[in-house]
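Participant: Given the coordinates of chain A, assemble chain B onto it according to the supplied hints.
Read top to bottom, the protein sequences are chains A and B. Letter 432 of the first sequence, counting from 1, is numbered 432 in this note's numbering, and no numbers are missing. Letter 5 of the second sequence, counting from 1, is numbered 5 in this note's numbering, and no numbers are missing.
For the record, the hints were derived by calculation from the structure and aren't laboratory data. The structure presented is a predicted model; accordingly, all values stated were derived computationally and were not measured. Treat the hints with care, since some could be wrong.
[Said to hold, decoys possible] In silico lysine to any residue, SDA-like type, Cα no more than 20 Å apart, as pairs:
no., chain 1, residue 1, chain 2, residue 2
1, A, 372, B, 12
2, A, 372, B, 79
3, A, 402, B, 345
4, A, 372, B, 345
5, A, 372, B, 19
6, A, 441, B, 12
7, A, 372, B, 116
8, A, 372, B, 28
9, A, 372, B, 75
10, A, 402, B, 18
11, A, 441, B, 72
12, B, 72, A, 373
13, A, 372, B, 24
14, A, 372, B, 74
15, A, 89, B, 72
16, A, 101, B, 12
17, A, 24, B, 18
18, B, 72, A, 374
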Amino acid sequence: MGLMQLIGLGKATFSHGIHPPEYKASTGVKKIRRLPFAPEMIIPLSQHFGKPSVPIVHEGQEVVRGEPLAKADGFMSVPLHAPATGIIKKIGLMPTARGPKAQAIVLKLHSGASQDALYGHLQDIDNMSPEQIVKAVQDTGMVGLGGASFPTHVKMTVPEGQKVDTVMVNGCECEPYLTTDHRVMLEYSMDLFAGIRIAMKAVGAERAVIGIEDNKPDAIEGLREACPKDGTVTVGVMKTKYPQGAEKMMIKALLGREVPSGGFPAAVGVSVYNVATLAQLGALLPHSRGLIERVVTIAGPGIEKPGNYLVALGTPLRFVLEQLGFEGDSRKLILGGPMMGVSVASLDVPVTKGVSGILVLTEEEKAAQMPKQVWPCIKCARCVQACPIHLNPSELGMLAAKRQYELMEERFHLNDCFECGCCTYVCPSAIPLVQYFRIAKAINRENKAREAA
Amino acid sequence: MAENAPVIEVRTSPHVRQTPTVDQIMRNVVYALLPVAAYAVYQFGISAFALILVTVLACVGTEQLFCRLSSKRTTVGDFSAVITGMLLALTLPPGFPLWMAAVAGFVGIALAKVMFGGIGLNVFNPALVGRAFVQAAFPVAITTWTPPFAQGRFTEFIPSTWTFPFALPVSVSDWVKETSLAIQQASPGVDAFTGATPLALSKLGNGEVAHFVTDSMDLFMGTTAGSAGETSALLILLCGAYLAVRHMMDWRIPAAVILGTYVTAEILHLVDPSAYPPPMFMVLAGGLMLGAVFMASDMVASPVTPVGVWVYGILIGLLTVIIRLFGSLSEGVMYAILFGNAASPLISAVTQPRVYGTSRKKKKV
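Chain A with its partners taken away, still in its complex shape (with noise of 0.2 Å):
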């Protein structure tokens, strides 16, 4: 097999793209450790893409770690479970991440509690069909920990009329600063190795990928010493850069494959999951357990004690911050990497499914990354020769000033853009580009909805 050895042998990487400092250094070498129970959780109700799900517990119940508190509210949403033993406190608005409130549960805890997780049985994958693996996948409330969030089960869920050859698998972690996925890799193997079959099995797959950065020596290693003898996973090494853990560039840069303009990868017959959710998975699926934890990366130059830590789904930022030593100096708190993660404005926002890690940024951080001002388009094509997708930013950035937003769409390629942030990280003038497609995509979202309505 020509196209295996090719990918044993290269490093395998896709055209364009940036090379940010790493950061990683402080926290890849360190063991995942676990973060005590916080007094008091909050479980949003819409932690993924998709409806929200619906709770199906009241205020006063008691709960008891791993037991289901919402139900998935139809085929494109997930249940959630308890992340720990204890009592419903209230089921209402609570700060997001996002911004604006939102329904969420509050958990208060059982002191005395044992936290064990009880909760499920065993299950026999291998007897399992594909539907019925995907409505497990779908009952254990996972979705994509690398930070979309999208639930995996649909994921899994192969259209009809195509057909999946491949499972990738995404251990690239090309944002700075996170080793979540680092350390799981190194870490679970074994529970990685069971996600992956049950992936392959989901969709029917005859292989496996697993992409690695090659600033991860070791993981290629332990990994490559661990695939199964017949050939059916293999590690593929990949260049370390930015954004080299983008699905569509991966699958470039393994396979040689363009997933079309809006499609899916299942339509070039890929199918691709985040190392640690196949992890999860490859844990709780036997025991039809539900996604209760997950490893966060915390780190940045204002947290005392940066490590990756195992956190219970739920805990607040505050309790997290608190226990590790926090800066009281500290201007910026990310959720997610430096390139696309999210900035908060409350320490009252929860850790949730698609939180890889917890940045907290000093104020000499914070002004060595902010511009003095920002100067018009000099044209330097630095931000045409970082875009992964080929987008011509400097163009639509001009045009988004002028607000021809239906323009940058049509001629532009405007939807294809994924918002990595390599633009705007390249740009010279210090112009918000990715801040502009974001309000341009949005604009043009509303007025379809509202010539259609």
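Facilitator: Positioned in the frame of chain A, the structure of chain B alone reads:
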């Protein structure tokens, strides 16, 4: 809330950025131009120094004036006007009357930059617009060349430098003769200097008289007559390399210009070697190097697309050779670049990159 509740700042991603900023890039271009300017002063003396000083002051002053007039925050801090001033001086003959140089600087900034909206919005390279203006307005002065390495160049000005505004420039022919004689006496091996540039010399031929093609090595090292900063191809290339290595200049543009020039000249030279000079001469002579490295590569006025920069550069090279060989002027780089500037929005528009997951062929979206 705790009493030391921090003020948390909310911004949109990405939360990290990479320097350099616009003013840092522009400052680096100034650094890259300094050796070229220094060599011009070494070669042509205090006249060249005064020329550079006057054009820089004229450009910066004009920009400051218009910012003041339009009650805008001053934009001289971004150093782009300094670059325009330096480039302008380097393209002028070293003995160019200073008042004319000031007019060129004013016109370049006022007409080609400020009128279009300032940095980033100009269609043409301001330095070249300034030069084009004085080329049309003062055709004699701008083709009056003086020999390099004149003996007293660090103590006395070239006579035409201090021409009184609106007066006819002092004729330098006597001075040139004197100086040339002096140089020849000092070092008899050196060719007789006439002060004419290598390109002008090659154009004298007219098919009957043999062309005077200056040795490539002299052109490369920069020991010939010419505009203040265009003579040493080596130095210009080194300074350009500094910018290219720091990713502050697109190396593909100079490469494309040189390629376009070389190939066009080579084809013509192959057709009729007696009528057309060899390609290496075309590449090294005149303002081509300076134009290719520092002016065609002007970010604002060049295309942004990867294919576009090659088209743009090759077009400039091609036009340069055509103007030089078939036009009435001996030099063609300036008009070639201005033409390239004018074409660059069109070039950008037709060379948009193929977007991931799409096909170049027009399909119904």
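Participant: Do the alpha carbons of residue 372 of chain A and residue 28 of chain B lie within 20 Å of each other, as the hint requires?
Facilitator: holds (18 Å)
Participant: Are residue 372 of chain A and residue 116 of chain B close enough, with their CA atoms no more than 20 Å apart?
Facilitator: Since the Cα atoms of residue 372 of chain A and residue 116 of chain B sit roughly 24 Å apart, the hinted pair is violated (cutoff 20 Å).
Participant: Taking 20 Å as the top limit, are the C-alpha atoms of residue 372 of chain A and residue 19 of chain B close enough?
Facilitator: OK: residue 372 of chain A and residue 19 of chain B at ~11 Å, within 20 Å.
Participant: Measure nothing beyond the straight line between the CA atoms of residue 101 of chain A and residue 12 of chain B; if it is 20 Å or shorter, mark the hint as holding.
Facilitator: Within the cut-off at roughly 19 Å; holds.
Participant: For a C-alpha distance cap of 20 Å, please report whether residue 372 of chain A and residue 74 of chain B respect it.
Facilitator: OK: residue 372 of chain A and residue 74 of chain B at ~15 Å, within 20 Å.
Participant: Taking 20 Å as the top limit, are the C-alpha atoms of residue 402 of chain A and residue 345 of chain B close enough?
Facilitator: holds (17 Å)
Participant: Straight-line Cα separation of residue 72 of chain B and residue 373 of chain A no greater than 20 Å?
Facilitator: The hint holds at about 14 Å.
Participant: For residue 24 of chain A and residue 18 of chain B, compute the direct alpha-carbon distance and say whether it is at most 20 Å.
Facilitator: holds (18 Å)
Participant: Taking only the CA atoms, is the gap from residue 441 of chain A to residue 12 of chain B under or equal to 20 Å?
Facilitator: holds (15 Å)
Participant: Check the hint pairing residue 402 of chain A with residue 18 of chain B against an upper bound of 20 Å on the C-alpha distance.
Facilitator: violated (26 Å)
Participant: Within a Cα-Cα threshold of 20 Å, do residue 89 of chain A and residue 72 of chain B meet the stated pairing?
Facilitator: violated (58 Å)
Participant: Measure nothing beyond the straight line between the CA atoms of residue 372 of chain A and residue 75 of chain B; if it is 20 Å or shorter, mark the hint as holding.
Facilitator: holds (14 Å)
Violated hints, in rising order: 4, 7, 10, 11 and 15; the structure is consistent with all others.
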